[in-house]
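Please model the complete structure; the sequences and the hints are all you need to start from.
The numbering used here puts the first residue of the sequence shown at 7, with every later residue one more than the last.
Derived from the structure by calculation, the hints contain no laboratory data.
Heads up, some of the hints might be wrong.
Said to hold, decoys possible - Taking CB as the label site, the calculated pair distances span:
#1 236 <-> 337: 43 to 49 Å
#2 213 <-> 184: 18 to 24 Å
#3 329 <-> 194: 29 to 35 Å
#4 117 <-> 326: 45 to 51 Å
#5 108 <-> 74: 56 to 62 Å
#6 81 <-> 316: 51 to 57 Å
#7 117 <-> 195: 42 to 48 Å
#8 218 <-> 64: 24 to 30 Å
#9 336 <-> 94: 52 to 58 Å
#10 337 <-> 215: 22 to 28 Å
#11 326 <-> 236: 39 to 45 Å
#12 224 <-> 329: 54 to 60 Å
#13 236 <-> 174: 36 to 42 Å
#14 224 <-> 64: 54 to 60 Å
The structure presented is a predicted model; accordingly, all values stated were derived computationally and were not measured.
The C-beta atom is built at its ideal place from N, Cα and C for all residues, glycine as well.
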Amino acid sequence: MATINYADAYQQAIQQSFYDGHLFSADLWNSPSNSLISFDGAKHIKVPRLTIDEGRRDRARRTITTPSANYSNDWDPYELKNERYWSTLVDPSDVDESNYVISMANITKQFNLDEKMPEMDREMFSKLYQRKADANDGGIQTDTLDEKNILTAFDDMMVGMDEARVPQQGRILYLTPKNNAILKRAEAMNREMVLKDPNNVQRTVYSLDDVTIVVVPSDLMQTAFDFTVGSKLKADAKQIEMFLISNGIQIAPQKYSFAGFDSPSAMNSGNFLYYEQSYDDVFILKTKTKGIEFVVSDKAPAEGTVQTLAKPTDSSTVEQIKAYLDQEGIQYDASAVKADLLALVK
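Shown next as structure tokens:
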């Protein structure tokens with residue numbers, strides 16, 4: 007049997023089967039701006055950019071103006087740098103030779119659920135952060151969120167987008183489960199304040215009803231990952247606490263260049279060989295970088311990790327000194343005063 011490339015049919019089957027409900031970043035991968043993409047080869051794309059050169063001018067009566075073109079239509083080129091492949095041997099009993107596309111979807115189902123979808127989420131969220139950081143136009147806050155500041159952080163992001171004339175329609179707020187719980191408690195506290203004292207409310211005018219909220223597991227929403235094999239956490243990455251995006255400021259091109267089977271052979275020990283290869287990437291459109299804002303923080307130490315405390319000084323509290331002594335295994339009298347505890351610090 008000659009090897010047949012089912013890439014297009016397989017890509018469509020994957021999108022229909024797994025994007026709905028299994029991919030937290032599905033709306034972002036299916037960006038409205040993807041319709042602007044023109045593929046120029048396997049891993050190169052171009053996106054049209056219309057630029058207006060000048061605005062309106064004052065008109066003088068009885069004056070003949072000189073007509074000229076007042077716009078330019080250019081193409082912004084991009085290269086898809088995320089080139090991935092996956093392969094596996096498949097027992098002939100698992101292949102329906104009358105419908106190879108269905109067989110591919112069935113064989114790769116668990117791989118897509120356990121590996122590919124989480125990898126795509128991690129790629130989307132980390133790439134958006136990296137593109138925003140590269141734009142160097144603000145919109146990245148570093149903070150630890152709690153009930154006292156999370157609504158203000160949300161307001162600040164909404165204000166930033168309004169000031170940049172980003173459309174209100176299509177805004178999505180992505181946040182971790184922890185911050186979703188904090189957000190709900192903060193909203194409840196705000197409603198209670200309104201009932202108790204309507205004249206002393208610290209809340210501003212933005213409503214959470216103005217955005218779509220998507221809750222994402224924290225291990226998928228970080229600033230960087232190791233994508234050498236699959237996707238793995240990086241110790242030096244920051245936690246993305248939440249981010250607000252106007253869906254469509256990004257493009258997310260994907261293209262399967264090959265998906266198919268080799269027939270059973272002696273080389274494959276009598277098995278089919280399944281192989282898929284794809285290109286994808288995530289870009290923020292060059293004129294739309296104001297349409298996304300982040301709140302990030304340093305990650306909490308991993309479970310089982312001991313956080314090293316700095317050596318106490320005169321400005322340290324009694325609790326901080328005791329914590330340091332406990333860390334170093336130094337015995338002390340629990341009733342000792344601060345000066346005596348500091349004397350034990352080596």
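Requested in this report: Indicate whether the distance between the beta carbons of residue 224 and residue 64 respects the range 54 to 60 Å.
Outcome: Holds, at about 56 Å.
Requested in this report: Return holds or violated for the Cβ distance of residue 336 and residue 94 against the range 52 to 58 Å.
Outcome: Given about 55 Å between the Cβ atoms, the range holds.
Query raised in the report: When you take the CB atoms of residue 117 and residue 195, is the distance between them in 42 to 48 Å?
Result: holds (44 Å)
Requested in this report: Starting from the hint 43 to 49 Å, judge whether the C-beta atoms of residue 236 and residue 337 obey it.
Outcome: holds (47 Å)
Report task. Go ahead and decide if the range 36 to 42 Å is satisfied by the Cβ distance of residue 236 to residue 174. Result -> holds (38 Å)
Requested in this report: State, for the Cβ atoms of residue 108 and residue 74, whether the hinted interval 56 to 62 Å holds or is violated.
Outcome: holds (58 Å)
**Report entry** Consistency of beta-carbon spacing, residue 184 to residue 213, with hint 18 to 24 Å
**Finding:** holds (22 Å)
Query - Consistency of beta-carbon spacing, residue 64 to residue 218, with hint 24 to 30 Å - result: violated (44 Å)
Query raised in the report: CB of residue 81 to CB of residue 316, is that within 51 to 57 Å?
Result: holds (54 Å)
Query raised in the report: Using the C-beta atoms of residue 329 and residue 194, is the stated range 29 to 35 Å upheld?
Result: Holds - the Cβ-Cβ distance for residue 329 and residue 194, about 33 Å, lies within 29 to 35 Å.
Query - Consistency of beta-carbon spacing, residue 236 to residue 326, with hint 39 to 45 Å - result: holds (41 Å)
Query raised in the report: Taking the beta carbons of residue 337 and residue 215, is their distance inside 22 to 28 Å?
Result: violated (57 Å)
When the structure is compared with the earlier hints, violations turn up for hints 8, 10, 12 and for no others.
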